[in-house]
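Undergrad: If you read the sequences in order, they're chains A and B.
According to the working numbering, the first sequence is numbered sequentially starting from 336.
According to the working numbering, the second sequence is numbered sequentially starting from 94.
Accuracy of the hints is not assured; some may be wrong.
[As the list claims (entries may be wrong)] If you want the footprint, here are the derived chain A segments under chain B, 3+ residues with CB under 8 Å:
#1 488-496
#2 501-513
#3 539-548
[Stated by the list, open to error] If the Cβ cut is set under 10 Å, some of the chain B residues that face chain A in the computed set are:
#4 L228
#5 G234
#6 F235
#7 A241
#8 L257
Please keep in mind that the hints were generated in silico from the structure rather than gathered at the bench.
The beta-carbon is built from N, C-alpha and C at its ideal position, and this holds for glycine as well.
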Amino acid sequence: MLFWIIQRDLLLAIRRRSDVLTTLFFFVIVVSLFPLSVGPEMNLLRTMAPGIVWVAALLASMLSLGRLFSSDYLDGTLEQMLLSPQSLSILVLGKALAHWLVTGVPLVLMAPVLGIQYDLPADALFVLVMSLLLGTPVLSLIGAIGAALTLGLRGGGVLVSLLVLPLYIPVLIFGAGAVEANMAGVSYDAHLSLLGAFLLVSLVLAPWAIAASLRVSME
Amino acid sequence: MAINWYKYASPASFYALAGKMIPFFTVLAIGLLATGLYIGFFVAPTDFQQGEAYRIIFIHVPAAWMSMFLYVIMACWAGIGLAFNTRLSSMMATAIAPTGAMFTFLALWTGSLWGKPMWGTWWVWDARLTSELILLFLYIGFMSLQAAIDDPRRADKAGAIIALVGVINIPIIYFSVQWWNTLHQGASVSVTQAPTMASIMLTGMMVMVFASWMYSIAVILKRVRSIILERERHTVWVAELRRKGAL
Numbered sequence: 336m337l338f339w340i341i342q343r344d345l346l347l348a349i350r351r352r353s354d355v356l357t358t359l360f361f362f363v364i365v366v367s368l369f370p371l372s373v374g375p376e377m378n379l380l381r382t383m384a385p386g387i388v389w390v391a392a393l394l395a396s397m398l399s400l401g402r403l404f405s406s407d408y409l410d411g412t413l414e415q416m417l418l419s420p421q422s423l424s425i426l427v428l429g430k431a432l433a434h435w436l437v438t439g440v441p442l443v444l445m446a447p448v449l450g451i452q453y454d455l456p457a458d459a460l461f462v463l464v465m466s467l468l469l470g471t472p473v474l475s476l477i478g479a480i481g482a483a484l485t486l487g488l489r490g491g492g493v494l495v496s497l498l499v500l501p502l503y504i505p506v507l508i509f510g511a512g513a514v515e516a517n518m519a520g521v522s523y524d525a526h527l528s529l530l531g532a533f534l535l536v537s538l539v540l541a542p543w544a545i546a547a548s549l550r551v552s553m554e
Numbered sequence: 094m095a096i097n098w099y100k101y102a103s104p105a106s107f108y109a110l111a112g113k114m115i116p117f118f119t120v121l122a123i124g125l126l127a128t129g130l131y132i133g134f135f136v137a138p139t140d141f142q143q144g145e146a147y148r149i150i151f152i153h154v155p156a157a158w159m160s161m162f163l164y165v166i167m168a169c170w171a172g173i174g175l176a177f178n179t180r181l182s183s184m185m186a187t188a189i190a191p192t193g194a195m196f197t198f199l200a201l202w203t204g205s206l207w208g209k210p211m212w213g214t215w216w217v218w219d220a221r222l223t224s225e226l227i228l229l230f231l232y233i234g235f236m237s238l239q240a241a242i243d244d245p246r247r248a249d250k251a252g253a254i255i256a257l258v259g260v261i262n263i264p265i266i267y268f269s270v271q272w273w274n275t276l277h278q279g280a281s282v283s284v285t286q287a288p289t290m291a292s293i294m295l296t297g298m299m300v301m302v303f304a305s306w307m308y309s310i311a312v313i314l315k316r317v318r319s320i321i322l323e324r325e326r327h328t329v330w331v332a333e334l335r336r337k338g339a340l
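In isolation and in its complexed conformation, chain B is listed as follows (with noise of 0.2 Å):
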């Protein structure tokens, strides 16, 4: 059977898509969830090395994953969206940017937590920390531009724009930072050097990835809803949901 991809890159078919994904996405996310939390707090065993705080890998190992991955596919979107002026892929790309801030914050917040009674310090200037840092600043930038800008075309075209420049800068920041690094003989710990993990605490880390990125799914799609109703509140098939109570 051949999916017709032009009808669901209209707004309005996409909204009702949309809104029939969410439920399915959003169920999985929480028993994803509830399934990883559980292994994670009581299946796992105590880390020799660490105690307990090492628990804090499978939130914190997801979130650093998944800031990653989406400023990547927020930048997809946001080139295709240039590229080919198709709308809802810019209003993607708006609909990812907080979840991606979200999930660097969260990665940096938690890496603190653990790194205070690991290291002894909330904060230390390694490679990874400081580049999770700039991803932060990156997405920052994005969303400032694009909530500057009232005209809405403008705004996704500029944000697009700052996205691929990111994209591209992504790996010399990584590298450049990761030289400085070990020019400066940083932190005397490093993240890298983490013990092999046993099979059932990655178990549970794969578990919460998957959770992460069910929760992203369901979050950006009820997101992407919102602005479509906000952009294109003007619109016939808008006004007929209105009157049909749908809203």
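The following block holds chain A by itself, in its conformation from the complex (with noise of 0.2 Å):
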């Protein structure tokens, strides 16, 4: 059941598949726009890099939350999944991996290649992957009760945002911080712990919102 739906999306994605690169250049542009606005200075971009690649990649995950539910919605296929007999915690862990694959995954690959245009050294660069691995999840997962929640709303992707950063935070400070831990020299052993603490809690309770907003959303 969660590989049907998690292929049934993929399969999607890959038949649009302007959507995802969509939110990838997003990805890119978002992070080289820095560099033009505080300088090229590359000491200040270094110590920058881990902060802005993490920003980058927590609105690019957000942006494309709206396409999470709302194309089923529109042609009726998840009034047919809230009517099914599956566990519907188990459906919506499944749409939400998907767009982590589709969404997250390739900011993941895409991550050392802008690290690397910010001078990050190589290990660094191997922190930073980490923790949007373990990260990016987190941000579909989380992103995911707000998208349920603001289904076919007036305004619904500002509105998203305004629910959803707020709780990000958690991951961003985690998540950045484990490369600077890295960059000055310290052990980011605790950080990536914290991640995965985060990555097993919302695996766990976040299905369960999600599902109760969509019941919410779709009565």
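The two chains are supplied separately, each in an independent frame; assemble them into the complex guided by the hints.
TA: In structure tokens form, the structure reads like this:
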């Protein structure tokens, strides 16, 4: 069931490649704007890099939330999913994981390239990728709650950012913090452990909240 | 004497009860506020370290406490409304949010007024300030979600879910911000290192805390009465009130 829904959403994403690419290029462009605005001072950029990449990842992942349920909602598939005898929590978990595979994983793969632009050392690049790998699924899971709550509302896109961005803050702190700790020569294990803890907690609790939100929105 | 709680779970009877309770809490709020401000401005001595500027605590500390209490209370009501499908609980949650947001803003504002003479800056990225700011964002998110949904039933339930998610997140956010702050070796001044207070200052502050509670209760009851009227405007009992000229 879980794999079926992931497979289905991935297939839909492959058929509409532009959506995936838009998110990825948004990420690249936002990250590239910062040197233009604060100046090409390499030392400054190197210290700012983890924060910039993480904020851009947050925004990119949030930007694509609108698509998570809206197309299924519009063509009535979502209603059928709610009516189906399968557990709705598992269904939405599958959808959130598919969202991560489509938007999160490209960001993770792209991050080292952007890190090189900011002159990050190799081991910092590795930590950046690890932190994004642990953190971006949390973003998808928390974001899905916001997406489910604002389904079919006027101005849902802006509203989602108001709801979801404050909840993203812990992930941002420890994601960017891991890279900064590594660059400062301190151990980053604690940061990655905490990110892992966030991932586990949100894997357990978020599907339940997403399912409840969808039921509220589809009443 | 057993109180029939179910009776007052109905908006119609609660409307009348709230109407009787509001004057009581208003008088208490005004009385305590006057006492608290009098102690704060005239009785409490000038602090030898902070001078007159410390007097902001008589507003600032109650506001900061209320901002946090009210979020938890709001989430409790929202949760009860979601679990038992009681309309009045959800209306209470909706009524609490603006007061909570107001106190959060007040705490931030008075904090920065105090920060300028004490720290020489309006704002530092101290752990407490940052988490208070995030709390304000959570309130704004809750209110704007409810405002965006036209159907009141859906607005209640959606608001309840986001309030509960927020309540789970508040400790996580709070500790994240605190650890982030210590990692960054942030502000050299800290709110936590306040000198121990003279007892008259503490008394004044506690009176102001109670005044804030009474004020919150009075304002929230007033607001919940308006919400009840707005949502029940098509019912017989509201028409009855209107006919009697009670509105």
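Undergrad: Could you run down the list of hints and mark each one as holding or not?
TA: Status of the hints after comparison with the structure:
Check result for the stretch 488-496 of chain A against chain B: holds, 5 residues qualifying (beta carbon to beta carbon below 8 Å, three or more required). Note: the stretch 501-513 of chain A has 7 residues with beta-carbon separation from chain B under 8 Å; the three-residue rule is met and the coverage holds. Evaluation of the coverage hint for the stretch 539-548 of chain A: fulfilled, as 4 residues show C-beta separations to chain B shorter than 8 Å, against a requirement of three. Annotation: interface hint on L228/B holds; nearest CB of chain A at approximately 9 Å, less than 10 Å.
Of the supplied interface hints, the one on G234/B holds, with its beta-carbon coming within about 5 Å of a beta-carbon of chain A, less than 10 Å. Evaluation of the F235/B hint against chain A yields a held restraint, the C-beta minimum of about 8 Å falling below 10 Å. For A241/B, the shortest C-beta to C-beta distance to chain A is roughly 5 Å, which falls under 10 Å, so the interface hint holds. This hint holds: L257/B has a C-beta 8 Å from the nearest C-beta of chain A, less than the 10 Å allowed.
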